[in-house]
Amino acid sequence: DTAVSQTPKYLVTQMGNDKSIKCEQNLGHDTMYWYKQDSKKFLKIMFSYNNKELIINETVPNRFSPKSPDKAHLNLHINSLELGDSAVYFCASSQARVFTDTQYFGPGTRLTVL
Amino acid sequence: RKEVEQDPGPFNVPEGATVAFNCTYSNSASQSFFWYRQDCRKEPKLLMSVYSSGNEDGRFTAQLNKASQYVSLLIRDSQPSDSATYLCAVTAAGGTSYGKLTFGQGTILTVHP
Chain A
-9 DTAVSQTPKY LVTQMGNDKS IKCEQNLGHD TMYWYKQDSK KFLKIMFSYN
41 NKELIINETV PNRFSPKSPD KAHLNLHINS LELGDSAVYF CASSQARVFT
91 DTQYFGPGTR LTVL
Chain B
142 RKEVEQDPGP FNVPEGATVA FNCTYSNSAS QSFFWYRQDC RKEPKLLMSV
192 YSSGNEDGRF TAQLNKASQY VSLLIRDSQP SDSATYLCAV TAAGGTSYGK
242 LTFGQGTILT VHP
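Each protein sequence line maps, in turn, to chains A and B.
If you use the numbering used here, the first sequence closes out at 104, no skipped numbers anywhere.
If you use the numbering used here, the second sequence closes out at 254, no skipped numbers anywhere.
Among the hints, erroneous ones may be present.
[What the hints assert, rightly or not] Here are the simulated PhoX-like cross-link-like pairs (lysine-lysine), alpha carbons at most 25 Å apart as the crow flies:
no.: 1; chain 1: A; residue 1: Lys30; chain 2: B; residue 2: Lys241
no.: 2; chain 1: B; residue 1: Lys183; chain 2: A; residue 2: Lys12
no.: 3; chain 1: B; residue 1: Lys183; chain 2: B; residue 2: Lys207
no.: 4; chain 1: A; residue 1: Lys(-1); chain 2: B; residue 2: Lys186
no.: 5; chain 1: A; residue 1: Lys61; chain 2: A; residue 2: Lys9
no.: 6; chain 1: A; residue 1: Lys34; chain 2: B; residue 2: Lys183
no.: 7; chain 1: B; residue 1: Lys186; chain 2: A; residue 2: Lys26
no.: 8; chain 1: B; residue 1: Lys183; chain 2: A; residue 2: Lys26
no.: 9; chain 1: A; residue 1: Lys(-1); chain 2: A; residue 2: Lys57
no.: 10; chain 1: B; residue 1: Lys207; chain 2: A; residue 2: Lys26
no.: 11; chain 1: A; residue 1: Lys31; chain 2: A; residue 2: Lys(-1)
no.: 12; chain 1: A; residue 1: Lys30; chain 2: B; residue 2: Lys186
To be clear, the hints were calculated from the coordinates, so they are not data collected in a lab.
Next up, chain A with everything else stripped away, as it sits in the complex (with noise of 0.2 Å):
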C-alpha cells in the first residue's frame, strides 16, 4: 500500500557503470520529483515532470536523464558514475503543479559509488 516506492533501496556500484533508479506512485498524482540528499543532508531537487512532461530540470550533470513512461512512473538514469553522485535519492509526487501542494517522499534510493 506504499503511496510512494522506490528501487532499488540500495545500490551499490563502481565508477563509469550505468545503473537506474525507479519510483511508482499510486496516488494518482499528476507531478513527480527527484531529489538528491547528499552526505550534508542537504536536500535539493533535480527535475520534476507533470503528466510525463518535464517542467523543472536543474544544474544537473547530463549524465542524469529522467523519464517517465506515464505519469504514476518516474525513473532516472545515471551514466558514467561517479563518487560524487554517492548520495540518497528521493522521488516525490504531488497531486499538480500547484505551490500549495504537499509532496510525498518516496523512502529513498541510498547510492554508493566505490
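Since the structure of chain A is already known, use the hints to place chain B on it.
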C-alpha cells in the same frame, strides 16, 4: 547566501522542554512554507504547512513573518519521539520555480528522557 537557511543545531533538550527553530529565506516571491520532519535514514514527511500568519497543530506551532522573511517552528512539551531532523521548505509561485521545493539544511533535535 543560501535560499533557505536554518540553524543546523544540534539542539539537545530534556523531555518537556519548549524548543524553537527559525528558518530564513531569501526569495521574496516565496509563497508557500512547510516544515518537514525527517527521521534517521528515512524520507521527509510533512509536519505542517504554513500559508499565512501561521498555524497550530497540537504541540506544534508554525509562524510566518513575510516582512522579515522567516518561518519558525515551536515545539512545546517536547517528547523523545520528537527527536528528528526538521526541514524548512519554501516554494515560489511563478516562472520556472513553480512547485519547486527549496529546502534548508535541516535542524537536528534530540530530546532526552
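Now the hints, each set against the structure:
Between the alpha carbons of Lys30 (chain A) and Lys241 (chain B) the distance comes to roughly 21 Å, so the proposed pair stays at or under 25 Å and holds. Taking the CA atoms of Lys183 (chain B) and Lys12 (chain A), the gap is near 17 Å; set against the 25 Å cutoff, the hint holds. At roughly 31 Å between alpha-carbon atoms, Lys183 (chain B) and Lys207 (chain B) are farther apart than 25 Å, so this suggested pair is violated. Between the alpha carbons of Lys(-1) (chain A) and Lys186 (chain B) the distance comes to roughly 18 Å, so the proposed pair stays at or under 25 Å and holds.
About 22 Å separates the Cα atoms of Lys61 (chain A) and Lys9 (chain A), which keeps this hinted pair within 25 Å; it holds. Note on Lys34 (chain A) and Lys183 (chain B): the hinted pairing holds, with a Cα-Cα distance of about 16 Å set against a maximum of 25 Å. This hinted pair checks out: Lys186 (chain B) and Lys26 (chain A) have alpha carbons roughly 15 Å apart, not beyond 25 Å. Taking the CA atoms of Lys183 (chain B) and Lys26 (chain A), the gap is about 13 Å. The hint holds against a cut of 25 Å.
Between the alpha carbons of Lys(-1) (chain A) and Lys57 (chain A) the distance comes to roughly 19 Å, so the proposed pair stays at or under 25 Å and holds. At most 25 Å may separate the alpha-carbon atoms for a hinted pair to count; Lys207 (chain B) and Lys26 (chain A) exceed this at roughly 28 Å. Using a Cα cut-off of 25 Å, the hinted pair Lys31 (chain A) and Lys(-1) (chain A) holds, with the two alpha carbons roughly 17 Å apart. Of the supplied pair hints, the one linking Lys30 (chain A) and Lys186 (chain B) holds, its CA atoms being roughly 18 Å apart against a limit of 25 Å.
The earlier numbered hints that this structure contradicts are 3 and 10.
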